[in-house]
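Protein chains: 4
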Amino acid sequence: MIETLSNIKHKDSPNFFLIAGPCAIESEDMALRIAERVITITDKLEIPYIFKGSFKKANRSRIDSFTGIGDEKALKIIQKIGETFDVPTTTDIHEPFHAEMAAAYVDVLQIPAFLVRQTDLVVAAAQTGKHVTLKKGQFLSPEAMKFPVEKVTDSGNSNVAIIERGTMLGYGDLVVDYRGIPVMQNYAPVILDITHSLQQPNQASGVTGGKPELIETIAKAGIAVGADGLFIETHPDPKNAKSDGANMLQLDLLEGLLTKLVRVRQAIL
Amino acid sequence: MIETLSNIKHKDSPNFFLIAGPCAIESEDMALRIAERVITITDKLEIPYIFKGSFKKANRSRIDSFTGIGDEKALKIIQKIGETFDVPTTTDIHEPFHAEMAAAYVDVLQIPAFLVRQTDLVVAAAQTGKHVTLKKGQFLSPEAMKFPVEKVTDSGNSNVAIIERGTMLGYGDLVVDYRGIPVMQNYAPVILDITHSLQQPNQASGVTGGKPELIETIAKAGIAVGADGLFIETHPDPKNAKSDGANMLQLDLLEGLLTKLVRVRQAIL
Amino acid sequence: MIETLSNIKHKDSPNFFLIAGPCAIESEDMALRIAERVITITDKLEIPYIFKGSFKKANRSRIDSFTGIGDEKALKIIQKIGETFDVPTTTDIHEPFHAEMAAAYVDVLQIPAFLVRQTDLVVAAAQTGKHVTLKKGQFLSPEAMKFPVEKVTDSGNSNVAIIERGTMLGYGDLVVDYRGIPVMQNYAPVILDITHSLQQPNQASGVTGGKPELIETIAKAGIAVGADGLFIETHPDPKNAKSDGANMLQLDLLEGLLTKLVRVRQAIL
Amino acid sequence: MIETLSNIKHKDSPNFFLIAGPCAIESEDMALRIAERVITITDKLEIPYIFKGSFKKANRSRIDSFTGIGDEKALKIIQKIGETFDVPTTTDIHEPFHAEMAAAYVDVLQIPAFLVRQTDLVVAAAQTGKHVTLKKGQFLSPEAMKFPVEKVTDSGNSNVAIIERGTMLGYGDLVVDYRGIPVMQNYAPVILDITHSLQQPNQASGVTGGKPELIETIAKAGIAVGADGLFIETHPDPKNAKSDGANMLQLDLLEGLLTKLVRVRQAIL
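Residue numbers (this note's numbering), protein chains in the order written: chain A, 1217 to 1485; chain B, 1217 to 1485; chain C, 1217 to 1485; chain D, 1217 to 1485.
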């Protein structure tokens, strides 16, 4: 996927690439701080990097959950990150009309897991000509991801990747099935989302839980089996983040984690 | 739910109510034929009845699957069914702007299972003032359906029901967890969808399979545990239907099935 | 199955049959009290009845769990129940040498779910000539129960039945897949265990939890789909029982439950 | 675990250790050939090695499956392997009386996954004083393995390890939950069984299927997350093996696989 992203750095590095940033864009200042820190680390480790931030949280469990600071306001912050640091950016979209709207600000459009079967949304994203990442539905087999990928390529867009983020294991848990990574690499590059893969959905409170102490475990396994990229949500203070606090990686831990993962990557080359 | 539907018949019957019709609206003639037959049966058995048809199939596995005959054309056919037979009607919507559009033609708006966490869609449906049915996501626990219901009621609309349609059991199968029916009845009336509950998703062909010979089994269990309503897709010739042929009930079998189910219903009153 | 049990009553009743009793035999007095009460109820409702009690709990999570009052002592109590009330009896066995040992005291040998794939155990039970009930493993598909049944019949014993007791749904939950009942009836009569089907295994405490308020729900569904028999553990005071207290039915509630179930049974005949 | 095995080589190597051999002991000649080859490889790579072979297959799906060449005959072959090559050996046991019987021939007793909740079996194994490996039940959570471990240690035996072999994912599939490896390492060393983790149980034929092309994938993930040991069944000609042919690694591929895994191991030290 990254070969065709014009503004990505370290394209020739043998490393996995990284999509990282906060869950939601909470403020410009916070977004800039996170991006700057991640870029310092990825430059040092020679990891190709794409900044990620959601402009809107559209599928929260509860109606009183935080959904964002305003769509355009958030998209402009993401755009500013891209311009300020000369890095590609990505955000997730939830309705077909979002595709063109978001494409004006970012380089990569992400289709959420719950929505990956919505043909109009996937096709609208593909038709912008931007790169498209498709999150594997928690209810889909790895083999079933062939069809959303084809919806993108049949729309004339070959810049598509798949993001693995776990599969339902009973009502309250998700498991990453690593067998799916080589299977899905038959269709497109595969990125492992080590944040949402650790979710514990369907909690009685209506707030999704998590197991952040296992981030390193599931990340190492993903790199060892050859994942092309990693997706990490990170925040200077996850406990006080406005969404997904349960699983975001504390920003101070990112360099240590990536350093270990680069070593695992080198062992499989 | 049905108490507040003005045009429904047999409202005082102790029976479960029925939502039935073809999967997709394929033609006016076919829709009228199905509706007429179902109404003859439900009048005989004194079952309150709501006609169902999809104006658009938005989440098919493959881009080359049938998606519909045109949105407005299909919605007008559904409206005609309602007027011709004086029965309430329902259809499923996939984007927030569909809510108002479809509300001009039908009495009940249905939120698909994959989309039941999309706040904007649920709220848009609720704000039309129409009745809203929420399909339980295959990835949601019964307890988690409390929150989509609250998104409707918090929007000032108390006419809401839940449709059970099975839960993921591994990649390729769905199971109905009947324990969930009384649990979800704490939040809203519960309708059992005996068509999609028998799906076998994630088949290698990209065409969802099924086990139609088990329709009677899962329906009887649902009525026995006290489901308020049943949801059935039926077609004169399921094998040649343009979508969901794998699980639709052959129309000729409907009367026999409902007759058995009315007996089970009476046994639990 | 029950046609060939010489000492069972109400053999010609159209009702389902019942296997019921305490989880473990705790004392002769308690066992007699439970049997007497259940027999009064099943005589009134004309339900064929088999007394059940475990002489030994062999697969408890924790080494400090109660395992029994002594094998022979418990078996003699079960035998006494059979003689006192002239009813058939059953117990579960855990090692091949138990088969002959228990066969001296009871009429029906039950193979536990975890052990249903152990060929020597199943064959040893079959070779006693006693009736054999096979619990479906929580890890087995309904279709896979064909093979344990064949291990019994290939040993020259055609008196075999299957007990459904739920299937793993993630780590901490079990679900009854009612589609499996007609599937397994292709191999042998099917009994629904409404006690263990409600277990919540793998709890952090090492003590299996449960959801006893759902007993009626899962029982009604089972009878509605045509289960041949029911398996219920019952106790005058479940909270103080020495094992499986989380799901046993309070003895005082048995008559009310069975009365409702007999009505559902009549509705499907 | 291996620190206390007197006859194991490369004890001070930083490598993972290996339990490997054929599924069942088919003949002395075949067993010697496999052992010799594996020892050559593990000596070269400095991997501590334990020879594994089953003397009896006790839980096959079908009564007509191969179960062994005779218990004592097979145990003597395993013993001969140990003496000939001066390596520790292991076999799996199925009934309490097997514990003492097998302990006369081997160094490590393995408890099968289906039987890991059988207290008498686990305690009998522990009381021999031999090392005990406990396969995680496909129906158990990682946390639930605390209790079988305690049954060993409460019997006065601290030489215990856990073997991960996958968790049920629907009826027909198993998934390795790598989060469980660090969780279970809180109780005992953890060995990843890369043969049985790839099983596809509950196939209609009664013969368990598999996905052997994924052996490398699931092995790399296991080593990357820090598994203490690996369990591999290997055979010169898996397609013609008498059991588990679907997933055994072809012996000729073992050196290449282990060489890659040693590199991953070094990357996490």
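Incorrect hints may have been included.
Stretch-level coverage of chain A by chain B, calculated; a stretch enters the list once three of its residues show a Cβ under 8 Å from a Cβ in chain B [stated by the list, open to error]:
hint	stretch
1	1284-1292
2	1412-1422
Taking lysine to aspartate or glutamate and the EDC-like style, the derived pairs with C-alpha atoms no more than 20 Å apart in a straight line are [as the list claims (entries may be wrong)]:
hint	chain 1	residue 1	chain 2	residue 2
3	D	1289	C	1336
4	D	1273	C	1280
5	A	1458	B	1336
6	D	1362	C	1280
7	A	1273	B	1366
8	A	1227	A	1287
9	C	1458	D	1359
10	D	1273	C	1370
11	D	1476	A	1280
12	A	1273	B	1228
13	A	1427	A	1453
14	B	1273	A	1370
15	C	1362	D	1359
16	B	1273	A	1336
17	C	1427	B	1359
18	B	1273	A	1366
19	A	1273	B	1370
20	A	1427	D	1366
21	C	1289	D	1336
22	B	1362	A	1280
23	C	1273	D	1280
By construction, these hints were calculated from the structure, which means they are not laboratory data. Note that the structure is predicted; figures quoted are calculated from it, not measured. All residues carry an ideal CB built from backbone N, CA and C; glycine is no exception.
Residue 1427 of chain A paired with residue 1366 of chain D [C-alpha distance capped at 20 Å]: Given that 20 Å is the threshold and the Cα spacing comes to 25 Å, the pair is violated.
20 Å Cα cutoff - pair residue 1458 of chain A, residue 1336 of chain B: 19 Å, holds
Hint consistency between residue 1273 of chain B and residue 1366 of chain A [alpha-carbon to alpha-carbon, up to 20 Å]: The hint holds at about 18 Å.
Distance restraint between residue 1362 of chain C and residue 1359 of chain D, which requires alpha-carbon spacing of 20 Å or less: 32 Å, violated
Given pair status - residue 1280 of chain C, residue 1273 of chain D, alpha carbons within 20 Å: 30 Å, violated
Given hint residue 1280 of chain A paired with residue 1476 of chain D - CA-CA distance at most 20 Å: 50 Å, violated
Pair hint residue 1427 of chain A and residue 1453 of chain A, alpha-carbon separation not exceeding 20 Å: It holds: about 16 Å lies between the C-alpha atoms, which stays within 20 Å.
Agreement of residue 1362 of chain B and residue 1280 of chain A with the hint, judged by alpha carbon distance not exceeding 20 Å: 13 Å, holds
Hinted pair residue 1273 of chain C and residue 1280 of chain D, Cα distance within 20 Å: This hinted pair is violated, its Cα atoms lying about 30 Å apart.
Restraint check for residue 1273 of chain B with residue 1336 of chain A, where alpha carbons must lie at most 20 Å apart: Roughly 10 Å separates the two Cα atoms, so the pair holds.
Proposed proximity, residue 1336 of chain C with residue 1289 of chain D (alpha carbon, max 20 Å): 19 Å, holds
Residue 1362 of chain D paired with residue 1280 of chain C [C-alpha distance capped at 20 Å]: Judged against 20 Å, a Cα distance of about 13 Å means the pair holds.
Consistency note: the structure conflicts with the earlier hints numbered 1, 4, 8, 9, 11, 12, 15, 20 and 23.
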